[in-house]
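Here is what each chain is made of, one letter per residue.
There are 2 protein chains.
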Amino acid sequence: MKIGNCIIAQSGGPTAAINATLAGVFQGASGQFAIGRIFGGLNGIEGILNGRLVELQKVLDSEEKIQLLKTTPSSFLGSCRYKLGQSGQKEAEMQQLFQVFQENNIKYFFYIGGNDSMDTILQLEEYQRSHGGDVSFIGVPKTIDNDLTCIDHTPGFGSAAKYIATSVQEIALDTAVYDMDSIVVVEVMGRNAGWLALSAALAKNADGTPAADLIYLPEFAFDYDTLIADIQKVQERKRQIVIVVSEGIQDAEGNRIAEAATKDSFGHGQLGGAAKHVEAVIKERLGVKVRAVELNVCQRAAGHFLSARDVNESVMLGKKAVEAALAGKSGVMVTTKRNDGPMYGLTIGTTEIEKIANQEKVVPESFVNAEKNGASAAGIAYLKPLIQGEVTIPMEDGLPKYASLSRWL
Amino acid sequence: MKIGNCIIAQSGGPTAAINATLAGVFQGASGQFAIGRIFGGLNGIEGILNGRLVELQKVLDSEEKIQLLKTTPSSFLGSCRYKLGQSGQKEAEMQQLFQVFQENNIKYFFYIGGNDSMDTILQLEEYQRSHGGDVSFIGVPKTIDNDLTCIDHTPGFGSAAKYIATSVQEIALDTAVYDMDSIVVVEVMGRNAGWLALSAALAKNADGTPAADLIYLPEFAFDYDTLIADIQKVQERKRQIVIVVSEGIQDAEGNRIAEAATKDSFGHGQLGGAAKHVEAVIKERLGVKVRAVELNVCQRAAGHFLSARDVNESVMLGKKAVEAALAGKSGVMVTTKRNDGPMYGLTIGTTEIEKIANQEKVVPESFVNAEKNGASAAGIAYLKPLIQGEVTIPMEDGLPKYASLSRWL
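Chains A and B are the protein sequences, given in the same order.
Residue 1 is where the first sequence starts when you use our numbering, and the numbers rise one by one after that.
Residue 1 is where the second sequence starts when you use our numbering, and the numbers rise one by one after that.
The hints are simulated quantities; they were obtained by calculation from the structure and are not laboratory data.
A few of these clues could be false.
Listed below are the simulated EDC-like cross-link pairs for lysine to aspartate or glutamate, each with C-alpha atoms no more than 20 Å apart in a straight line [said to hold, decoys possible]:
#1 A/289 / B/259
#2 A/83 / B/179
#3 B/65 / A/207
#4 A/289 / A/181
#5 B/83 / A/179
#6 B/289 / A/259
Partner residues aside, some chain A positions facing chain B, computed with beta carbon under 8 Å [what the hints assert, rightly or not]:
#7 297
#8 377
#9 403
Going by beta-carbon spacing under 8 Å, a handful of chain B positions derived as facing chain A [unchecked claim]:
#10 27
#11 31
#12 43
#13 74
#14 166
#15 174
#16 177
#17 203
#18 205
#19 301
#20 304
#21 399
#22 400
#23 407
Ideal Cβ placement from N, Cα and C applies to all residues, glycine included.
Next up, chain A with everything else stripped away, as it sits in the complex (with noise of 0.2 Å):
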C-alpha cells in the first residue's frame, strides 16, 4: 500500500450536500496508516495548479467543526469550473500539477464534483498512465442535476429535490387563496436534464392532490399550443394551476424557450428565464393573472432545509471513496445501483471514470406519464426515497450556524 499524502477538492456548482460529501471524505482519511497529511485544494484544480492548499487536519480540529461541515452548503474549499486545457497549454499544466503532487507526496487525489469534474479526473489518469506516476484518481460523485451515468443518483440532488418539492407546496398553497382564475410558472435548475423539475411531482396539496398541475422538462420537446391545451384540461376542474419549467425547456427543433426573441403584448423583449417566457405566452393566449417564480441558487444552498437520507449518503460515499483508494483502485468514480425490492437500499462500488466524464443521465421515458406532463408512478417510485429525513441544525440568534474556511484558517 503507497504512503503519503492526499488532496480533496471541489468542482463545479456548490450544492447543500457536497460539504458533507467532504466530511466524509475527510473522516475516511482521519487516521489511515496509508495517509499522512491531508491537504484541501482551494478552488479545485484551478487553486491546485497554483499550489493553494490547505492543511485540513488544521482546519477541522474537532468532531463540533466537523459535523458543523456536514450541514453547511456550498462549497468550502472554493470551486471553479475550470477545464484542463482550456488554457491551450494542458502538457504545461499537467507537469504543473504533477509536480504539485510530488512537492506535496501526494498519493491520493479525491475530486468531488459532477460530469465536468469527472473529466479531470479522466485527464489526470491518462495523462499518468502515458507518462508515469503512482498518484490514485478517485471522484467522488455530486451535482443538484442528477445526471450523472452509472449511478444511482447524485449527492446533493435529494436536498435540492426536498427543497424544490417543499417550496412548490407552499407556492400552491399561496396562490390558492384568492377567488380568482390564476397561474404560477415556477423555473426550476436544469439545462439538459430534467431531474430537479420532476421532484416537483413530489409536492402534494393538503388534500394528496398533487401541487404541481403540469412540470415540463427539458428531454421532451415543449410547445406552446400543448401547453395552453394542457392549462385548459387542468381549467376545467380547477382555479389556481401551478405550472413546473425545467430552465433547459426547448422546442422540437432543440431551441430553447429561454433564448427566444419572445416579445409580450407590450411589444417588450422578454429575457430572463423560462418560466418569464411562458409566462408572457400565458398571459397573452389566455389573459389570465400569471406570476414567475424562479427558485434559483437557493434550490442549491439551502443548508436550512436538508434531506437526511441525502447528507448521510454524501457521508457515506466520501468515505467509500477512501476506501477504493486504498484498496489500490484509480480512475474510478464511486458509484451506487439501487438495490431490487420494495425496501430503499444502495450497493456502492466504483465504475471507470471513462463511463462517467462528460455523459449526461437524462429522465428516461419511463419516469414520466403518457403526456410528458409530469411524472409516472415509476418516476415517482424513484424519487421518494431521496427526500426522506430531516436534519437539525445548529442554529445561533435564530439563524443557521455555517462553517468557515476563513474563520477557521
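Fit chain B to the known structure of chain A by using the hints.
For chain B alone, kept in the frame of chain A given last:
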C-alpha cells in the same frame, strides 16, 4: 355581555403566520359563554358578502388540527383584496353584509389583515355607528410587510425576516465559491416599506461579517451613481458582493426602478423586477458577473422555516382580539408596544382603527446607517428578537404536512 356568534376571516396577502392568528382567535373564542358558533368567512369580506361561511368548530374538531393550522402558511380560509365600496354600490354592500350578520346572529367579527383590511373594519364600524347595530368589529394584525402603525411589529414579519436572512446567508455562501469577481442582487418584497429588505441585515457570514454588503430601501432615494460608488467601495475589500433591494426602490423623484424603461447593452427592454434592472445596470457599468435573485412569494409562504416567536405572538394576538371583543371593544385593532429595557417583551393593547387603516409605517432614518445602504445598530436591535426560535413542523413522507380546509370540510 352580548351573546351570539362570531365570524373570523382573513384578507390581503398570505403570510406564514396568518393561520397561527386564526388558530389563536379560534382558541380564544372556543368555549366562551358569550360566543356560540364560530364561523369562518371564506375569501374575506368578498366571500362574506355572498354568505360564504363555514362552521369552524366542525372543521377544527381536534387539537391536532388546530396545531397543524398554526404552522400552515397562506390563508386557510382564503383571502381577497376587495375594498368595500369599490363596486360603487357601497350602501347596498353594507346592507347585504349586515343582513348576513343578522341572519347568522353575528355579534363579533374578527378580520385578520393588513392596512387595507383595516379599512374594512373602519368602514363597518362607521356604518354601524350611523346606522345602528351591535357587532364588535376587531382588527387582528398580519402582514409580512411590517407596515402597520401603532404596533411594534406585525405577525408574519418575523418568519419572513428569518427566511430572508437565512436565504441571504445561503446566497452569500453560494456566490463566494468561485475565485472571481461577482455580484448577486437579491430582491425582496416591500413596495413602500423596506422592513423586509432591512431584515437581510441580520444575515451573517460564518466569520461574523454581514452577508448582505449593501441594502437599499424604498424610503431613501435610490441612485445608480451612488450604487456603483458603493459597490466599488466594497470591492476594495472583497470580490463577491451581495446586494439586497426592496422591490419598491425608487429614485429621488419617486420613479420606481422596477418600472423604468431600462435597456440593456443589447437594446432589450428589461421587464422583471427591481433586481433585474439593477443587474443590467451593474453589468453594463462594471462588466462584472451579476445575477438577480428574486425571493418572490416563497418569502411569505415558507411554512417550513418559521420564527417560533412570530408564531407564538400571532396565536397570542388572536386570543387577545377575542378578549378585546368580550371586553366590549369595537372599531379597534389589537396592538403591541415593545417594553423598554434590554429584555424583549411586549405590552398588548388595542388602538382605534382610524389611526391604522390605510396608514403605512416606513423604516425610520434611525434604523439605517449614514450611507442609507444598510442597517444601523438600532435597526439590528429592533429586528433581532423577531426571528428567534425554531418550530419543528409535522412532516409526512419527507415533506411538510399542512392543513387544508377542503380536506376537513
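Now the hints, each set against the structure:
1. A/289 / B/259: Since the Cα atoms of residue 289 of chain A and residue 259 of chain B sit roughly 19 Å apart, the hinted pair holds (cutoff 20 Å).
2. A/83 / B/179: holds (15 Å)
3. B/65 / A/207: Status holds; Cα separation ~14 Å.
4. A/289 / A/181: Within the cut-off at roughly 7 Å; holds.
5. B/83 / A/179: Answer holds: residue 83 of chain B to residue 179 of chain A is near 14 Å, not above 20 Å.
6. B/289 / A/259: Distance ~19 Å between residue 289 of chain B and residue 259 of chain A Cα, so the pair holds.
7. 297: holds (5 Å)
8. 377: violated (15 Å)
9. 403: holds (6 Å)
10. 27: violated (20 Å)
11. 31: Because about 26 Å separates residue 31 of chain B from the closest Cβ in chain A, which is outside the 8 Å limit, the hint is violated.
12. 43: Interface hint status for residue 43 of chain B: holds (4 Å vs cutoff 8 Å).
13. 74: With Cβ-Cβ at 4 Å, under 8 Å, it holds.
14. 166: holds (5 Å)
15. 174: holds (4 Å)
16. 177: holds (4 Å)
17. 203: Holds - the Cβ of residue 203 of chain B comes within 8 Å of chain A, reaching about 7 Å at its closest.
18. 205: Cβ of residue 205 of chain B sits 7 Å from chain A, so the hint holds.
19. 301: Hint holds; residue 301 of chain B Cβ to chain A Cβ min 4 Å, cut 8 Å.
20. 304: holds (5 Å)
21. 399: holds (6 Å)
22. 400: holds (6 Å)
23. 407: holds (4 Å)
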